[in-house]
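Start from the sequences, fold in the hints, and give me the full structure.
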Amino acid sequence: MLPQVVVYTFILGSLYLLVSLGFSLISGVLRVFNLGYGIVFALAAYLTWMCMRDFGLGLIPSIILMVAFQLGITYAMYRGIILRYFEREEILLTALILVANIVEQAVNYKYPIIAGVSIPTTLAPGTLDILGVAIPKQLIIAAIVGLIFTTLFVIFFLKSKFGLITRAISQDPQSSLLMGANVTRFFGYACLLSVIPPIVCTLLVAPVWAIDPFMGSSFLMTAIPISILGSLGNLRGSIISSYIIGFVHSIVSFAFNPRFMGLAALVVVIAVLVFKPEGITRSESLW
Amino acid sequence: MVRIEHKRARIIIRFKNSKYEWTIEPRYWRNPLIAVVALVLAPLLIRDYPNLLTLLTTAYIYMLICIPQSWQTVGTGRLNFGPQFFVGLGGYTAGLLSIHYGFGPLQTLPVVILISLAFAALFSPLTIIAGGLYFSLITLLLPLVFLEFTYVYSGIFRGETGISGIAPLINLGTIRLNYVVLCYISLFMTLVYMLLIDKILRSRWGVLYGAINDNENAANMMGVNINKLKVTCYIASSVLVGIAGWFIAHYFGTFAGVTYLPFTMLIKVLLISMLGGRAQIYGVAAGAFFVVFLEDALRSLGAIHYWIFPIILLVFLFALPEGLWGIYRKHKYREYYPTMRVRKR
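Going down the list, the protein sequences come from chains A and B. The numbering of the first sequence is our numbering, which starts it at 2 and goes up by one. The numbering of the second sequence is our numbering, which starts it at 623 and goes up by one.
The hints are simulated quantities; they were obtained by calculation from the structure and are not laboratory data. Don't be surprised by glycine CBs; every beta carbon is placed ideally from N, CA and C. Among the clues, some could well be false.
Computed footprint of chain B on chain A; a stretch qualifies when at least three of its residues, placed anywhere within it, have a C-beta under 8 Å from a C-beta of chain B [what the hints assert, rightly or not]: (1) 101 to 108; (2) 139 to 148; (3) 220 to 231.
So, in structure tokens, the structure goes:
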């Protein structure tokens, strides 16, 4: 069992990085709990599928169109909901939930679960034997991409001027505003950046994991405990907690029952909160 | 001895150390009285339309969940995203006891209260250790984990089909009479919830809850035992939601977690609170009627109503920033208006 736990901790942890990175970014910079985050996953899969099947486009043009559309939707949500109701958080959260619900139901109306969506983004078919555990090669690639992507994200936020301003805003938006940062614009950039990791994640895991119109909810349920453990928006915390949750999910899946994964993650989160009420990194800024 | 006094447009009844007041001026009690009379007459007027009676009862069921939820929002200064956890707890407890041990509704009720009490006490420290978003996020996960649990132990909880054959709340011989009486029972429970919570929120405790809602650190510095108040508020309101689950189980005779535990139920509960009037207990009534009747009216559109319904609600959410209760409140302004805080501070 040990090799399986080790291998799947790495695989799941790396994938959870992609799942939670966007959610953590919005939590850290805007200090908003984006309950509409789940729709990015469903839209990534279904818009690509729609472009390919209904418009007869190839895979790459479909992905480009899908990304453009997702950025458009995210920007519209930012301008129309997040910015407008920034100070009315109860309206903001309810509106985000409603938008997620509208999108999921609309997708389900157009392509019901039985439609059988398949996106040909397989980079490497077959399985690979690691420590005696057979793993789909596609998942290994997805995990490696997750690691590379997170590294690039971190370097970008640590080394670039853009990252410096974003980190300053995540520490204190008011002071950043006084120092001349265009906080509203950077909030928008953070929203746009937040959709990239889940899109990459969906496209990579689409050939091996099930796709349905409500898949975003389950990804959101994974991103939430990771974000809580990682101090809600701290990228360092999110990276550590992705692997903690990956480990918890792996050990529960192999030792007990995969359906207890959510419960086990919740128990870990509550246990950590008892001793560290602000998550594992104690820092509420982006890094 | 009982002493009755007339002072400042109030009748004051004193008995030993207790004091009861009744405001004589009609503007304080006229409108609530009209509303209660209308609600009491409604089931009689629509008794020949079982569909409308069911809708009315469904609206009351939502109120039974949302009224304690509103109290909890005020009293703990936190927004619970998983009130349906206790609906599931109450429903499954009542259902399992009924089908396995043959318990009737009156026998399952005390057990439901005890179980809800135990779980609420278990989770109540969350109101102390988790603030703002942390609390909302953790409570959001609770019902979803419970739902997973019902799938894992489908032998007990019967998975997606749920438990059926639960003892009915009443059986008066005719279906129509059952519908009317059940509607009255749900109305009675709703009114009890409303009056109880209204009384609490107008009492000294209500002032303390208001202080916690505004700024719990300031309240703490002023000597308010905020932990005790938050924990008791969380436990009491959760038990009331658990009783709503008990009612659902015995009213429908079936109970399935897949109906009450998922995210969609949270959306409805949140919307009723929000469209009604942002954690206003009377606003919840307006919100519940609006959401339930609107959803039913849109059903005739077919499958498309699943996404037309949230679109309409979204429009109302934007158009009425203080909810339906806000329209009434403009004329009957109250100074205190609780805040719904979620964001990390």
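Task: Hints breached by this structure - done: Violated hint: only 2; rest satisfied.
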